[in-house]
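Q: Next come the chains, spelled out residue by residue.
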Amino acid sequence: MNTSPVQAVHELEPVLREIEHERTQQVALFAQIALWSIVIGGLLTILLVSFGFGAIGLAPLGIALLVIAASYSAKAQAWRKSFKWRVMKHLVKQFNPSLKYYPERYIPLHEYQISLLFHNSPEPDRYTGEDLIEGTVGKTHVRLSEIHAQYRQETYDSRGRRYTHWVTIFRGLFISADFHKHFHGVTLVLPDTEQALLGGFGQWLQSLSAKLGIQPGELVKLEDPEFERMFKVFSTDQIEARYILTPSLMQRIVEFRKKTNAPIRLSFVASRVFVAIPSYHNYFEPPSLFAPANKLLEPATIQQYFEELQFALAVVDELNLNTRIWTKR
Amino acid sequence: MELITGLTCLGVGALGLAIIYALLYNSLVSKKNQVEYAYSGVDVQLKKRHDLIPNLVATVKQYMQHERELLERITELRSRALNPNLSDAERMQVENALTAALRNLMIAVENYPQLRANENFMHLQASLNEIEEQIAAARRAYNAAVTDYNNAIEMFPTNLVAATMGLQRRAVFEAEESERATPNVAKLFQQ
Chain A
1 MNTSPVQAVH ELEPVLREIE HERTQQVALF AQIALWSIVI GGLLTILLVS
51 FGFGAIGLAP LGIALLVIAA SYSAKAQAWR KSFKWRVMKH LVKQFNPSLK
101 YYPERYIPLH EYQISLLFHN SPEPDRYTGE DLIEGTVGKT HVRLSEIHAQ
151 YRQETYDSRG RRYTHWVTIF RGLFISADFH KHFHGVTLVL PDTEQALLGG
201 FGQWLQSLSA KLGIQPGELV KLEDPEFERM FKVFSTDQIE ARYILTPSLM
251 QRIVEFRKKT NAPIRLSFVA SRVFVAIPSY HNYFEPPSLF APANKLLEPA
301 TIQQYFEELQ FALAVVDELN LNTRIWTKR
Chain B
1 MELITGLTCL GVGALGLAII YALLYNSLVS KKNQVEYAYS GVDVQLKKRH
51 DLIPNLVATV KQYMQHEREL LERITELRSR ALNPNLSDAE RMQVENALTA
101 ALRNLMIAVE NYPQLRANEN FMHLQASLNE IEEQIAAARR AYNAAVTDYN
151 NAIEMFPTNL VAATMGLQRR AVFEAEESER ATPNVAKLFQ Q
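Quick mapping for you: the protein sequence lines, in order, are chains A and B.
So in our numbering the end of the first sequence lands on 329, straight run, no missing numbers.
So in our numbering the end of the second sequence lands on 191, straight run, no missing numbers.
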């Protein structure tokens, strides 16, 4: 991190003050809209009901509530957008000048596909995301964003009616970084569920799944017992898998897994490492529209965004990707 | 009639046993081949290192006046490792000595700032790091294959088939003494 939160607040003060000023204006405007909607809707309702219109008399109040909801969502949307474009963009720069932030872009589908991280799940029918961050941390090019991949599932009930569900394949942070060594094959590091449940038999099943072509290459059995308990590894090349997964890298992945406290998965494809960290937390979001005035001017708030950035970019340091002592520069 | 039934049962049983034997036999053969394949993986990387050494020594020589002995030792170890009459165990011993000597060389380089700034040397150093990393990976792959193989020839029921095939346990690569030894601080203070 190059700038402290206090410094960042100091440097961004004009923008922060401006945007906070706009927020208070918008909240005041919203309060007026809400008040007038309630007053007019309420009066009309009282009139209609007293003239004996019965349940229809409630309609104006209902319309008033709809107006309030629509106005809130428009205001919140605008606030979110202006925060991301005007504040978050600068915060990312302050955090690391070589990084760029694109609020509405995300890791493209083809990158999600070549990572092979979810090659056993159905192809996503709906694929979205936001908060793309791209740049160079030290010597390592890195690109990450939030993504949400889903597929459509159709079920029929006993009367033959069709229901459509959206099933989440993955939701969370997706990180793609340049790996510090050259390699040619494919190596997948996936959460181990079978061996944890079934022990040796589970491992036999995993090995079988590679033989049947469900997983690429062969099962790779590694020496680190803690790593083996957490992950199963498949690779097209037994030696290359160990060239990538050195004892120290395995230890680092174990530590990273503990820190994120989520079933992370990694893949090593085309000289890049792809990391998927499942999470329901929405990153890089503004404080609530109704947060106390000047919330963004508090260093503690800015600190939170820096922490989120640090977490998202931790892969580079945690996996030691800036150590370039091999032939790849 | 009963004789025929009995014979059929016997036949089916024998056939079943034969199939099981064949499956176990094949799995053992594949494990044995895996070990040999993994061994050749180590071999390839060691050969790469042999190819790199003359170049490295030639580059380093111009700068390092005080390390003659070490450089000569490295050259000598390399030519010994290339001797085709060595047994596997002897060869590994020579290669381990070579690893240690190269490591000492890289430590000695610290005293020659001019050498460290040399473009050619930096390239060679990166290549050596790369090869050492690959050797380590290939050895670990070999050890994993050997462990799999050793497990198979000692565990039931594959051990029965392994005995008929005359398969023997194989040894894994051990970490060298110098790699494993952690510095004994107490000893340092006593001196």
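Derived by calculation from the structure, the hints in this document are not laboratory data.
Watch out, some of these pointers could steer you wrong.
Unchecked claim - Partner residues are not named here, just some residues of chain A that face chain B (Cβ under 8 Å, in silico): (1) Leu65; (2) Arg242; (3) Thr327.
Ideal Cβ positions, reconstructed from N, Cα and C, are used throughout, including at glycine.
Q: Take the hints in turn and mark each one as holding or not.
A: Structure-based check of each hint:
1. Leu65: The hint is violated - A:Leu65 has no Cβ within 8 Å of chain B, the shortest such distance being about 65 Å.
2. Arg242: Check passed: Cβ of A:Arg242 comes within 4 Å of chain B, closer than 8 Å.
3. Thr327: 5 Å, holds
Checked against the numbered hints above, the structure breaks only hint 1 and satisfies the rest.
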